Structure formats: structure tokens, C-alpha cells
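Number of protein chains: 2
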Amino acid sequence: MSQEVLNYLQENREHLLDRLKEFLSIPSVSTDSEYKDAVRKAADYLITYLRDIGFNQVELQETAGHPIVYAHYDQAGKDKPTVLIYGHYDVQPADPLEEWDSDPFKPEVRNGRLYARGASDDKGQVFMHLAVLEAFMKTKGHIPLNIKVCIEGEEEIGSENLYTMLEEKKELYAADFVVISDSGMVAENQPTILYGLKGSTALELTVTGPKRDLHSGIYGGAVRNPIMALSHILSSIKNEDEEILVKGFYDGAEKLSFEERELIQSVPGEDYVQTTGVPEAVSEKGYTAKEHTMARPTFEINGIYGGYQGEGTKTIIPTSATAKITCRLVPGQDPVHVQQCIEKHIEKVKPSGVTVELKKEKFSAKAYKVEPNHPLIQKAAESYTRAFGKETVYARMGGSIPVVEWLDTIYDVPVVLLGFGTPEDRLHSPNESFPLSSFDKGMETLVYYWTSFQK
Amino acid sequence: MSQEVLNYLQENREHLLDRLKEFLSIPSVSTDSEYKDAVRKAADYLITYLRDIGFNQVELQETAGHPIVYAHYDQAGKDKPTVLIYGHYDVQPADPLEEWDSDPFKPEVRNGRLYARGASDDKGQVFMHLAVLEAFMKTKGHIPLNIKVCIEGEEEIGSENLYTMLEEKKELYAADFVVISDSGMVAENQPTILYGLKGSTALELTVTGPKRDLHSGIYGGAVRNPIMALSHILSSIKNEDEEILVKGFYDGAEKLSFEERELIQSVPGEDYVQTTGVPEAVSEKGYTAKEHTMARPTFEINGIYGGYQGEGTKTIIPTSATAKITCRLVPGQDPVHVQQCIEKHIEKVKPSGVTVELKKEKFSAKAYKVEPNHPLIQKAAESYTRAFGKETVYARMGGSIPVVEWLDTIYDVPVVLLGFGTPEDRLHSPNESFPLSSFDKGMETLVYYWTSFQK
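As they're listed, the protein sequences go chains E and L. Position one of the first sequence corresponds to residue 1 (the UniProt record's numbering), numbered consecutively onward. Position one of the second sequence corresponds to residue 1 (the UniProt record's numbering), numbered consecutively onward.
These are computed hints drawn from the structure, not numbers from a lab. From a predicted model like this one, the values you see are computed outputs, not experimental measurements. Among the clues, some could well be false.
The list cannot tell twin chains apart, which means a pair is met if one copy fits it or any two copies do.
[Stated by the list, open to error] Computed list of lysine-lysine pairs in DSBU-like fashion (alpha-carbon distance at most 30 Å, straight line):
| # | residue 1 | residue 2 |
| --- | --- | --- |
| 1 | 369 | 140 |
| 2 | 211 | 285 |
| 3 | 350 | 41 |
| 4 | 211 | 106 |
| 5 | 80 | 369 |
| 6 | 379 | 247 |
| 7 | 21 | 211 |
| 8 | 170 | 348 |
| 9 | 255 | 170 |
| 10 | 441 | 36 |
| 11 | 21 | 360 |
| 12 | 78 | 36 |
| 13 | 359 | 441 |
| 14 | 80 | 359 |
| 15 | 106 | 80 |
| 16 | 359 | 344 |
| 17 | 362 | 80 |
| 18 | 285 | 350 |
Could you put the whole structure together from the sequences, leaning on the hints where they help?
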């Protein structure tokens with residue numbers, strides 16, 4: 001019975017791709033206030049689309065930050081379950097711009113891939129969901145199950161306002177299960193359902209010395225260099241075996257069982273030297289790179305700056321230096337406890353002659369894990385396998401989707417992580433892209449999945 | 001006999017200050033190619049001034065970089081010695097601009113100080129020399145000794161082309177002694193002659209990991225973080241006792257004798273907490289801040305950058321991180337040897353999973369020391385004491401003036417470091433300034449000094 005729907009998607013493929021390009025050309029960078037209007041424009045785009053599809057309730061919900069797109073379709077009938085489809089329409093900054101082969105906000109298809117910021121994370125995958133729902137309505141006049149849509153504009157900056165919204169309007173978003181396509185397959189055309197995500201927490205550490213930049217000749221030997229002090233602090237946090245030395249950091253972290261190590265082993269791996277260009281892969285002592293990325297905590301410095309960055313030399317002792325940090329956490333770790341442990345550690349190791357300021361991100365996320373053999377996950381896996389013609393694998397991901405843990409906590413319903421990205425998508429990097437094969441087979445997967453609720 | 005000359009300087013004080021402001025308003029930032037034309041404009045300003053004074057030979061000497069201003073006055077007669085007055089007309093970058101209370105290139109007098117980039121280092125002090133020579137010519141029609149002037153435009157970037165020029169045109173610059181006003185007094189109105197300078201050498205260290213920025217969730221745990229790797233390298237170079245741990249770094253470094261420690265102790269010190277705003281002064285274990293700044297080597301990180309520096313968070317593992325470094329050296333240390341030792345050290349401690357590139361500045365300078373009781377230095381000290389009405393002290397400085405060591409090596413003549421800056425001048429920092437008291441008494445000092453060659 002799904003053939004008609006599939007035909008519609010095939011016949012309208014070019015038209016749908018053009019509409020996706022239109023969506024991707026809106027620079028909805030949530031972290032940079034300069035793009036505030038563009039973010040709203042992306043939300044309006046979705047509101048219009050959802051109205052066109054024929055949802056009987058479509059609302060732009062204002063928050064303290066960027067708005068949330070909400071929609072409800074309840075015509076499938078009381079006997080049918082309600083699924084909450086979550087996604088986000090905001091994207092990461094595009095810089096460094098000079099490293100893009102084409103304009104990040106002028107989508108372009110090259111060798112079977114659609115290049116644009118957000119093509120994979122997450123505007124592309126959000127669009128696929130809407131296109132499939134459009135196909136059902138245009139061909140059948142109805143959708144096999146009840147749908148709630150929640151597409152936020154702050155996923156890349158911590159989803160704080162969504163959290164508040166979920167708590168305030170618990171009933172509005174209530175559903176029997178949740179489907180999220182904001183992740184990837186372990187390899188192109190390898191159906192992958194994620195059964196675990198990492199939590200995350202962000203910190204910003206600033207070390208301050210003199211009130212002004214000082215001449216390094218006149219004052220070198222009299223004051224502590226803030227950049228060197230920052231280096232001493234940072235290097236005390238992780239050793240060269242990639243072990244985090246902060247007391248209490250690993251508290252409660254779920255141990256990796258023999259069975260799970262086997263399962264992780266069975267998942268096709270990524271050749272990191274090949275895909276990232278590093279001289280060699282490096283991971284925590286005693287764990288493989290696959291195990292560390294999927295199931296062990298991390299401490300990463302995302303950026304650092306201080307002093308003179310221009311051409312040539314400037315012989316100064318700078319006034320301060322700053323490091324931006326994010327940690328990824330596994331089940332059992334408490335983000336707030338982790339922040340506190342890092343704060344205590346810094347206080348302990350901080351050198352004399354400087355002051356230290358640590359900004360702690362208010363909203364952090366715990367890690368998430370679900371049982372791979374839950375019936376709703378199995379249903380999804382079957383559709384996935386059928387569309388791609390290949391057995392679905394189950395994996396954990398090092399990435400974090402805070403909302404997953406919140407939905408799990410607030411509603412206690414299964415969250416199905418049905419992602420269609422690939423390791424080559426370059427999320428958060430220059431030249432982000434999404435394979436058209438995923439675009440086609442991904443939508444096919446969704447058609448099978450929703451149809452399976454018909455009977 | 002010098003009264004007439006002093007009167008001229010007093011009567012024309014406002015006019016001279018206006019001309020100095022004009023000189024300072026030219027943004028001659030040598031390190032930034034964007035200011036290339038401004039640098040040349042500053043050189044032209046000097047050429048015109050020297051011609052007006054009445055030098056019988058004035059030349060703009062082209063180099064591979066910024067030109068050198070050369071002038072010669074030989075009318076004092078064969079029986080009189082020739083002094084080479086060296087200075088530089090280039091300045092440090094003015095950034096961070098927002099920290100200036102007034103435009104760095106719109107000179108402004110506030111509470112007895114002239115605020116502008118270069119007011120003290122070194123355009124202000126160069127101007128004083130020319131004003132004094134003008135005064136002699138305008139009042140006496142001659143100068144008591146023969147003068148050669150060498151004012152370069154690349155002191156802030158290593159003086160490479162001056163070095164080449166000195167070697168190529170050895171005769172042109174030959175003199176019986178050298179006078180340089182590019183330094184400061186240990187305290188305002190405390191006559192100070194420097195008998196020692198540090199050497200210096202610059203390095204730039206870049207650590208590279210992945211070929212592109214990576215998603216810290218997907219790849220954290222599989223690749224080495226270049227910023228953390230850089231922190232490990234940097235923190236291995238200096239411990240929290242401010243001891244440099246690079247094997248061979250201190251090779252040949254002159255030991256600090258008991259007598260010299262006494263001498264340093266006798267020099268009025270600077271209250272670093274007061275003048276720089278650091279919580280406390282920090283210096284090498286076993287040495288006072290005064291000893292370390294004057295007579296012990298230093299390793300300073302002048303700047304660091306890598307990854308995301310924008311608003312909010314960006315969860316990446318950056319492709320690379322860079323640190324800009326300068327070392328200050330004492331007599332006995334060889335800059336090239338120091339560079340090699342640091343390079344070996346980095347090779348030894350460099351973590352796996354990243355590549356390292358070390359750029360070594362081609363031109364470095366050895367440290368310089370002269371005998372405080374040399375007659376030409378004593379002559380200068382007497383003039384200094386007479387003008388300021390206070391006994392002259394002898395000090396060493398942590399700063400470096402590469403040309404001093406070169407002139408010493410090439411011509412083997414005494415170099416008199418007769419500087420009029422003060423610890424409050426904020427060299428290389430926002431709000432650089434120069435006290436008008438130094439402007440007046442400094443010129444007076446020079447008048448007495450040159451007059452002493454009359455008899």
C-alpha cells in the first residue's frame with residue numbers, strides 16, 4: 001500500500017530537493033546573535049510547510065530565545081499511537097568560511113552529495129520527515145498514525161528553552177514514542193539504529209594576569225604568563241594516555257561490559273586516519289577508538305585564544321588567555337558533579353600570580369541508553385533494513401542530543417534514533433554534506449515505518 | 001655656553017611638541033604589511049627634518065624591507081669624535097584598540113604625559129635627539145661633535161635588514177661611539193644608564209591534528225586534540241617555579257655574581273603588583289623579580305590561538321593550534337643553540353597523533369654588557385645627573401635591542417644606552433605614553449652631553 005507514496009516521492013524528487021535547498025539557504029546559526037532573524041525565517045519556513053501539508057494544528061511557540069515549531073495531526077484516530085517527531089532547524093557556525101569549496105548557504109549537489117551547512121545536521125533530515133508526511137497526505141489524504149512535530153532552533157546551543165517548554169507544556173508534547181533523525185549510520189548505506197548517546201557539558205576557562213599587555217622584556221621574570229598558566233592547568237587535566245586526571249570525573253560512569261565490547265566490535269568501524277587525516281588514531285589507554293568514541297567519557301578543548309594572533313611577532317605578556325571546553329559523558333555520570341570536580345581540580349592546580357574564572361554551562365545533558373530489542377525499535381529496524389536492503393546494526397554514538405535524555409526522563413517513552421547521516425558528512429565542519437542515497441532511502445524507510453502502523 | 005641652546009628648546013617647546021605629535025600620528029607599524037606606506041611616510045618625515053637641521057648628508061637607504069634613515073654631520077672637525085645616534089621610527093601594533101583611552105595615532109597630552117603609540121618606544125626619544133641637534137644649529141650654527149644618524153624602521157620585527165646594511169656598508173656607519181635612547185629609567189626622574197641588555201629569539205609552534213575541524217562527539221576519543229597536545233608541550237617547557245626545563249637552554253648563561261646582585265639590589269625597584277595589577281609578582285626560584293627581569297633568561301608565550309573563538313560554544317576538535325614564543329637571553333647564551341635545544345625538546349615531548357611545526361626566527365640577538373665606568377659612559381652620567389638633579393644609577397634591562405650587540409660586534413666601540421622612558425610608559429601596550437618631564441630634562445641631558453665635547 002506504500003507504493004503510491006513512494007511514487008509521489010520519486011516523481012517529485014527534483015521539486016523536493018529544490019525546496020530543501022531553499023530551506024538550507026537560510027543561515028539559521030543559533031549561537032551568533034547576528035543571525036537572529038535568519039533563525040526565525042527558518043522557523044517560519046517550517047510553519048508554512050506544515051500548514052501546506054495539512055496539519056490541523058500548527059504553532060510557532062515563542063521562547064526566551066529562538067522559537068519552537070510545533071504541529072499536531074490527530075486524524076489517524078484514537079486507536080492509533082501518537083509519535084513525536086523531534087528535530088532542529090538551527091545550525092553550527094560555518095566558519096572558517098575560506099575552507100568551504102562552495103558557499104555554505106548556497107546548497108549545491110556534487111557527486112551525489114548535497115553540500116550546505118545543515119544538510120545533514122539537521123535541516124536535511126527534518127525536511128525528509130516533512131516530505132514523507134506531505135506524500136502521505138497528497139496520495140492517501142491521511143497519515144497512518146497520529147503525529148506531533150517539535151522542531152527547535154537551539155539544539156546547537158544546549159536546547160535550554162526547549163527544556164523549559166517541555167516542563168511547562170508537558171501535555172502538549174506528550175506522545176507514545178519519539179522518533180528523531182539527527183544522527184548517522186556507521187557507514188554509508190549501513191542501516192544503523194542508535195541505542196545510546198553521550199551526555200555533555202560545556203565550560204569556559206579564563207586565566208588573567210596583568211591588567212594590560214606587558215612588554216615581555218621589561219616584565220618577563222616578574223609576572224606569571226597567563227597562557228603558560230592556562231597550559232599548566234589544561235595539561236594537568238588529561239594525560240597522554242587520554243586518561244582524565246580530574247578527581248571524581250569518572251564517578252558513576254557505567255563500566256563497559258564484555259558483551260557490549262563484543263557488540264561494539266561487531267559494528268563496522270571508521271578508518272579515522274582515512275576520514276580525518278590524523279597521523280594516527282589515539283584513544284584512552286585500554287580502549288579501542290571505537291569503544292572510546294561510543295562508550296567512554298571525553299574532555300575536549302574546542303578553542304583557545306590569548307595575546308597576539310597577528311602577522312609577525314609582538315613581544316608581550318598578554319593580560320589573559322581563554323579555553324573553551326566540552327565534555328561528553330556516559331550513562332551514570334552527572335554533568336553537574338563533573339563540572340564541580342573540574343572546578344575543584346582547577347582551584348587545586350591553578351598557579352600563583354594569576355586569577356582564574358570558570359564559566360559553567362547551566363544546561364547540561366546526561367547520557368541516554370535504550371534496549372535495542374524494544375518492539376518499536378524492531379519495527380523501525382525492519383523498515384530500515386527493507387529500504388536499504390541491508391541488515392540494520394545497533395550502535396552507540398559519542399554525540400549528545402540533550403532532548404533525548406529529557407524526553408526519556410519527562411515522558412518515560414522509548415526514543416527511536418533513526419538517523420541517515422554518514423561519517424563523510426563533516427558535521428560542524430567546512431563542506432558539510434548529505435548523500436542523496438540517504439535522502440531517497442531514508443524517506444523510503446520512513447514510509448515503511450509509518451505504513452507499518454496502518455493495520 | 002649651553003644656555004642659548006637650552007633657551008631655544010624652552011622657547012620653542014610648544015612648537016616642538018606639535019611637530020612630535022605630527023610624527024607620532026603616522027601609524028608606522030612595521031610588523032603589519034597593511035601599514036607599509038605609513039612606515040615610509042614616517043621615514044620621509046625624518047629625512048625632511050634632518051635636511052632642515054642642516055646635515056650635509058641625508059639619505060633614505062632602501063632595504064629588502066622598510067628603509068633606513070641615514071644622515072651625516074662632519075663639520076665639527078677632524079679633531080672631534082663622531083657619535084652614531086641610533087633609533088627606530090617603527091612602532092608595535094596598537095591593538096587591542098578598545099583598551100586605548102585616546103586614539104593611539106592621535107597624540108594627546110593628559111596630566112603631564114603625551115599619549116600615543118611610539119611616544120616612548122622610540123619615536124618620542126628619536127625626536128628629542130633631532131630637536132637638540134636643531135637647537136645647536138639654530139643657535140650656534142654648529143654641533144660640538146661629528147654626528148651620524150641611523151634610524152631604522154624594523155626594530156620591532158628584528159632589524160634583519162639593518163644587520164645586512166651594517167655588514168655591507170660598514171664604513172658608512174663607522175663611529176667612535178654609539179648613543180641610543182630607546183630605553184627607560186628605573187623610575188620617573190631617576191637618571192639611569194643601562195650597562196646590559198638581554199638577547200632575544202622568537203619561535204612559532206604549530207600543532208596539527210585532523211585535516212578539518214571535527215565534531216567533538218563523533219570523534220572525541222579517536223583523535224588527539226591539537227590544543228591539548230600544544231598545552232602538554234608548552235607546560236613541559238617551564239615549571240611553576242619559572243625554571244626552564246629545556247635541556248641546554250641555560251648553556252653558557254653568565255652566573256649572577258654576588259657583587260652584581262648587590263648592585264641590582266641598590267637600584268630602585270618597581271612595585272609590580274602596583275604597576276601591572278597582577279595578584280602577586282612571580283619570578284624564577286632563587287631570584288628576586290628584579291634579578292630575573294634584569295639578569296636571568298626568560299621564555300614567554302606572546303600569543304596562542306586555535307579552534308573556535310566566537311560567541312557561545314562550538315563542539316569541535318580543531319585542526320590545529322599555534323603558540324607565538326619569544327625568549328630573552330643573558331650574556332653567554334647563544335640564540336641559535338637555544339632554538340635548537342627547544343626544537344629537540346619539542347621533538348622529544350611531542351605527543352602521538354599530531355604533527356608539529358616550529359618556525360625559528362632567522363635573526364636573533366645575543367645579550368650585551370659594557371663596563372659602567374667607561375669614560376664616555378661617565379660623561380653621559382654626569383650630564384644626566386646635572387639635568388635631572390639626581391645621582392645616575394646603573395642598571396641592566398630585560399629588553400633587547402639587537403642592534404646594540406651587532407654594533408658592539410661589528411665596530412667594537414662603546415654603546416651608551418641613554419634612555420628617558422619610565423616604568424609607567426606602557427611600552428607595547430594600550431595607552432603608551434611619555435612624561436613631558438623626560439621630554440624636557442632628556443633634551444637638557446643631551447645638550448650637556450654634546451657640549452661636554454666642546455672643549
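Structure-based check of all given hints:
In the homo-oligomer, the alpha carbons of residue 369 and residue 140 never lie at most 30 Å apart, since the shortest distance is 36 Å inside one protomer and 92 Å across protomers. Within a single copy, residue 211 and residue 285 get their C-alpha atoms only as close as 41 Å, which misses the 30 Å cut-off; across copies the closest is 24 Å, which meets it. In the homo-oligomer, the alpha carbons of residue 350 and residue 41 never lie at most 30 Å apart, since the shortest distance is 45 Å inside one protomer and 47 Å across protomers. In this homomeric assembly, residue 211 and residue 106 come within 30 Å of each other (Cα to Cα) only across copies, at 23 Å, whereas the closest approach inside a single copy is 44 Å.
Taking the shortest alpha-carbon separations for residue 80 and residue 369, only the intra-copy value of 26 Å comes in at or below 30 Å, while the best inter-copy value is 91 Å. Neither within a single protomer nor between protomers do residue 379 and residue 247 lie at most 30 Å apart by alpha-carbon distance, with minima of 43 Å and 64 Å respectively. Taking the shortest Cα distances, residue 21 and residue 211 sit within 30 Å of each other only across copies (27 Å), while inside one copy they are farther apart (49 Å). In this homomeric assembly, residue 170 and residue 348 never come within 30 Å of each other (Cα to Cα): the closest approach is 42 Å inside a single copy and 57 Å across copies.
For the identical chains of this complex, residue 255 and residue 170 are neighbours neither inside a copy (33 Å) nor across copies (74 Å), given an alpha-carbon limit of 30 Å. In this assembly of identical chains, the alpha carbons of residue 441 and residue 36 never lie at most 30 Å apart, being 34 Å within a copy and 58 Å across copies at closest. For the homomeric pair residue 21 and residue 360, neither the shortest alpha-carbon distance inside one copy (37 Å) nor that between copies (47 Å) is at most 30 Å. Taking the shortest Cα distances, residue 78 and residue 36 never come within 30 Å of each other, neither inside one copy (39 Å) nor across copies (76 Å).
In this homomeric assembly, residue 359 and residue 441 never come within 30 Å of each other (Cα to Cα): the closest approach is 43 Å inside a single copy and 50 Å across copies. Proximity of residue 80 and residue 359 under a CA criterion of 30 Å is satisfied in neither setting, with 47 Å inside one chain copy and 67 Å between copies. Within a single copy, residue 106 and residue 80 get their C-alpha atoms no closer than 41 Å, and across copies no closer than 75 Å, so neither meets the 30 Å cut-off. For the identical chains of this complex, residue 359 and residue 344 are intra-copy neighbours only, at 13 Å inside a copy versus 37 Å across copies, given an alpha-carbon limit of 30 Å.
In this homomeric assembly, residue 362 and residue 80 never come within 30 Å of each other (Cα to Cα): the closest approach is 38 Å inside a single copy and 76 Å across copies. For a Cα distance limit of 30 Å, the shortest separation of residue 285 from residue 350 qualifies both inside one copy, at 26 Å, and across copies, at 18 Å.
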